[in-house]
Amino acid sequence: MSGTGDPTRPPPTRWWSRALVAVAAGAVAAAVAAHLSATFLYNAPANPVSQRYAKQVDGWMVPLFQQNWRLFAPDPMSQNVTVLARARLRPDGRVTGWVDLTGRNAAVLAGDPVPGRLDQAALRGAWLGWAGSHGDLGAPAGPTAALTQDYLIAVVVSRLGPVVPAPIASVQLRVVTALIAGPGRDAAQTAPRTRTLDWWPAP
Amino acid sequence: MAGAVTAVLSRALALTAGWYATLTTRPLAAYGIAALRIGYGSLWTLYLLREYGERDAAWGPDALWSPALERRYAALAPWPGPLRAWDTALTGLSRTEFDLFYLLAITVGAAFALGWHTRAVSVLFAFVVVAVENRTPVITDGGDNVLTLMSVYLVFTAGGLHWSLDERRRRSRQRLQPRCATEPGPACEDGEDGEDGAGVAAASWRAELGSARRLMVTLVHNGAVLVIAAQICVIYGTAGFLKVQGPMWQDGSALGYVLRLSWFQPWPGLSAWVAGHALILAVAGYATVIVQVGFPFIVFAPRLKYPALVVLLGMHLAIAVLMGLPFFSAAMLVGDAVFLPGRVWAAFGRRVGGPAYADAVNAIKPTLVYDGDCAFCSRSVRLATRWCRPAVRFVPWQTLDLGAHGLTERQVTTSVQWLPVGGGRTRAGAAAVARLLLRSRWPWRPVGLLMLVPPLSWLAALGYRLVAANRYRLPGGTAACAVPAVKR
Chain A
1 MSGTGDPTRP
11 PPTRWWSRAL
21 VAVAAGAVAA
31 AVAAHLSATF
41 LYNAPANPVS
51 QRYAKQVDGW
61 MVPLFQQNWR
71 LFAPDPMSQN
81 VTVLARARLR
91 PDGRVTGWVD
101 LTGRNAAVLA
111 GDPVPGRLDQ
121 AALRGAWLGW
131 AGSHGDLGAP
141 AGPTAALTQD
151 YLIAVVVSRL
161 GPVVPAPIAS
171 VQLRVVTALI
181 AGPGRDAAQT
191 APRTRTLDWW
201 PAP
Chain B
1001 MAGAVTAVLS
1011 RALALTAGWY
1021 ATLTTRPLAA
1031 YGIAALRIGY
1041 GSLWTLYLLR
1051 EYGERDAAWG
1061 PDALWSPALE
1071 RRYAALAPWP
1081 GPLRAWDTAL
1091 TGLSRTEFDL
1101 FYLLAITVGA
1111 AFALGWHTRA
1121 VSVLFAFVVV
1131 AVENRTPVIT
1141 DGGDNVLTLM
1151 SVYLVFTAGG
1161 LHWSLDERRR
1171 RSRQRLQPRC
1181 ATEPGPACED
1191 GEDGEDGAGV
1201 AAASWRAELG
1211 SARRLMVTLV
1221 HNGAVLVIAA
1231 QICVIYGTAG
1241 FLKVQGPMWQ
1251 DGSALGYVLR
1261 LSWFQPWPGL
1271 SAWVAGHALI
1281 LAVAGYATVI
1291 VQVGFPFIVF
1301 APRLKYPALV
1311 VLLGMHLAIA
1321 VLMGLPFFSA
1331 AMLVGDAVFL
1341 PGRVWAAFGR
1351 RVGGPAYADA
1361 VNAIKPTLVY
1371 DGDCAFCSRS
1381 VRLATRWCRP
1391 AVRFVPWQTL
1401 DLGAHGLTER
1411 QVTTSVQWLP
1421 VGGGRTRAGA
1431 AAVARLLLRS
1441 RWPWRPVGLL
1451 MLVPPLSWLA
1461 ALGYRLVAAN
1471 RYRLPGGTAA
1481 CAVPAVKR
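Chains as they are written, first to last, in this note's numbering: chain A, 1 to 203; chain B, 1001 to 1488.
Check before you lean on any hint, since a few could be wrong.
[Unchecked claim] Short, incomplete list of chain B residues facing chain A, as computed with Cβ under 7 angstroms:
hint, residue
1, L1215
2, V1258
3, R1260
[As the list claims (entries may be wrong)] Covered by chain B, according to a simulated footprint, are these stretches of chain A (three or more residues, beta-carbon under 8 angstroms):
hint, segment
4, 23 to 35
5, 68 to 74
6, 100 to 110
7, 124 to 131
8, 147 to 153
Hint data in this document are derived by calculation from the structure and do not stem from the laboratory.
No residue lacks a Cβ here, since even glycine has one placed at the ideal position from N, Cα and C.
In isolation and in its complexed conformation, chain B is listed as follows (with noise of 0.2 angstroms):
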């Protein structure tokens, strides 16, 4: 018996500290929360710019929900002094003073998608976010209540994780920096190196300080993943049990006077039509209300966690055309993000940046088939790569299928060979060259050109010609030399 309950113990002990060391090292759904980063930062740069023309008459000076107005309603709220202070921030500014602050808003959004010093940036969009939705909260609807709430939620996240601007810093240093990303001490610290007994000693401090505030901001990032996801839940929760209470929902009647609502017609013969197959929308409102009651619960079960995923998607997309409310279904949509796992997010960066990305631009790249067995022709590709950086693919003929590309063994011995993109006509030695030339970095474009140009291009193919013949035996050629490294 006392074995058994110390068993149970030490597994639970065990379990805890599993947890433990998980959530201190790593950061969950980091590619959902960069998504969610980019969602609601491009979201919110697109309301602003969209709103551009009414600014002033939606949060300006001038709003028809006026800055009086707005600090009476502060007023009968027991709020403390710091957040009306911030609620109300917009309410004193002058027109050009609000200007400024439209801008900046618009600004720090587009800054806050692309990640750039995502955490400083982070407060700065909550700020402006709350400022601006707060300013006139009688326009607000659902999508700016859960914008406003994420806005607050992602500046405890690590948002720059992946797919911003901060990664792309961070890994260039690290390229800069090979040393340090393979010894890892307190000389990689802001390049400090601890000569004496006391610097290595304030240093190895300091490195240890580090290292725990690196897992304390991991655990604040997961913290803030699990309120960001649970906050989802309580949404779809809360809008499923109260549909559940209503009649209208329980006898599949409640889409039909949706549709017929004359404040949400965007499109009005839609609607109608719409609203005609009554059939289709009891099942779409009882999938509505099942979804939304079981999502709390879904999220747990990945064989239900899809499906009920393309429902939503579906109901957002039928919300944002039929009612005309896009920038409500987009924001949580955005929101839905956070449930997609990392290997999703994974595969879907490989198909956007990925092999396929650089597959695809090499599909579009003309190729120069040069001479692989020898030297000087190997050296000077080198060169033309490093110094007239041409968006060309060099490939030697011999890994070259030559009948594939219509070509002989005594033409590419010959002479170099341009295959142009879609198997236009293939071009060979002086020609090839200028071409290669013509698709290379200033200044070789126009060197390219007069290549090209009689009797500039008689000269350039006796030339060529000359070289060609004797390439054996011109600096570094060797009679057998092995295909060169240039080679992919």
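With the rest of the complex left out, here is chain A (with noise of 0.2 angstroms):
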């Protein structure tokens, strides 16, 4: 820290240091301009040049400065998705009824200015990433499937835990989405769809 804003000392004069400075200055200007088009590169859409320099791009960019603006674009989500869940339960198998995870985790978050990041997070990210990760009818679809899946779990059995009355031995979940009402969309296409998946043994 003492190094800046410091008036009291005299600038260098020799050669020597002047000429560290340059090389110095040259230095930061590259790297600054290397990340810089790194950075870009790595936000903007596919192109010729960040697809000829993918591999450098991304191999300076992940995982320290990985990043992703998406934020609601090109278009926000438009669909609510309600997460039901049920359980069959040790050791006599018997089934729950049918637990509303996404009604509960909402009425948690309801009129707290602060929501706690699990509360907020760990249900939506469990199912969008899921669901991102697998095909329509729930085959594996990309390399983070198997981790997808298996972190689903591990926060559904968490979420129906406190709620059931004996030890988890496997679940089901239900899956109710509707497209939200707006410009152009009918009644025909904002009726909620219900999907019902297989049946996954808890850890």
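Assemble the dimeric complex from its two separately framed chains, guided by the hints.
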């Protein structure tokens, strides 16, 4: 800290120290230019330049500088998802009724100006992550499919655990999706669609 | 023709030289960077404190995104070893180790905000932020993303130049060593003084290297400031350009959908009410997109910059309240602060800690009116200031508008007068001295208290009258001394 903002020091006068500063200036300029170029190419839509240097750009940006500024773009999510779950219990294989996890989650969040991160993001992230790495029929798509499924099961079990009376052997999800009403959407389009997934063993 | 080319070239050279001089000697946006340091440091600490009860479930050994999941996730990516080790630093910790790490992370955030050994702490800050944020990537949002990036960039800045404990320490050192402040040179380097020739040579060599180092530190700082500013522009620019491509942002319906998303409704009634105003939402949506797309250009136009920042402030406040994302909004707003110039921050600093503050403190101090023409009185005031350190303003009556304070010349020439804050009852003589002592440091307070209790108060009053009547005959006293130095 003592380096900057100390007006009492005289400027360097010898040739070697001035050369040192000039070399440093060149290095800083090069580093800044390289980082900003990589940042631009990483965020820009795919183009000939970013495709040509994809490996170098990703190698520099990920994981330390990875970023995603989609933030409700190009279009915001426009459907509401309700996740329901039920459990098969140990030891007798009794099956519980459906529990509205989304509704319970919303009740926790309601009226809290500073919501907790897990209440806010765990269920939403787990579901969206699973849906993004699995096909419409629930077939795994992509290398993270197994991870997102394990995570979704962990989140569901953590939410069902306090509600059900016995240890959980396996869980099943039912997901109700409804497009939000808006311009150009008729009642048939906004009608809720229900999808029931397979039973998954709890860890 | 050749003359014109030479002129252009020399002009370009002069410009470059000017830039070079500026970038090596002036740390740019020093106040803005201090604001970022304080903002991100406190935000991080507040975030961890908010999540304290959930820390294990979020990032600990029993997290929902378990250490095993995180290791499998990291194994999918071709990251170099040290970065992988950094990102997964928390996965191998036991519960106790994790708790200790969590406490360390909270402390580091606070120390960073305070600017305590800023450069060293900034490295620690980046370390803990990256380690915690990457431990559970599935629960992070844009706010975590910007915080992570900034924690890394801030390592390269001189964040402790202003509003920091480092600055305070530097200032008090400068006060202690006035010689060094006025006579720069090798003698000020760690107190060494080169008597013999070799010593002088070594010292000047070291001083030269120190000067070069200062310029390089400033250079790196300015590079980092440029990166931070460009990063904020990339954030808004990217978000804006992507939105422009979306039909819902084009037809102004986007915000209506956002407000009807059940995932983001901490106040469902409020969201529904706002969602009912399609006209306002369309205008707000267009304003958002225009400011975001334009942000990378607007920052170069002072007349547009402040209105744009106000729009962004409104947007982020709305996101914080309506969508329940206060940390996200705060992280974005702190980043925007880098675009406020030094004079705005200086005005802000004056408002908080400058003369206005001193005035405010003086306004809440009571006043003791004394006789400035009496050397004994002035000397007593000096001694009282030094030994009793009372939270009191001393004013010689000669400089006071007596009528405005309801005093007469007879009163102020007979005894000292005590003017309480807010214009309560005036006290005189021993009663005034007692109140002065009551507002002094230990052990004078009980003395002041005793002086108010009869019969000691009668004795005190008698003693005071004796001293006051003979004040011109007491030590140091001459009949006509000038208005003393204590006068402010």
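- prompt: Hint by hint, which ones does this structure get wrong, listed from lowest number up?
  reply: When the structure is compared with the hints, none of them turns out to be violated.
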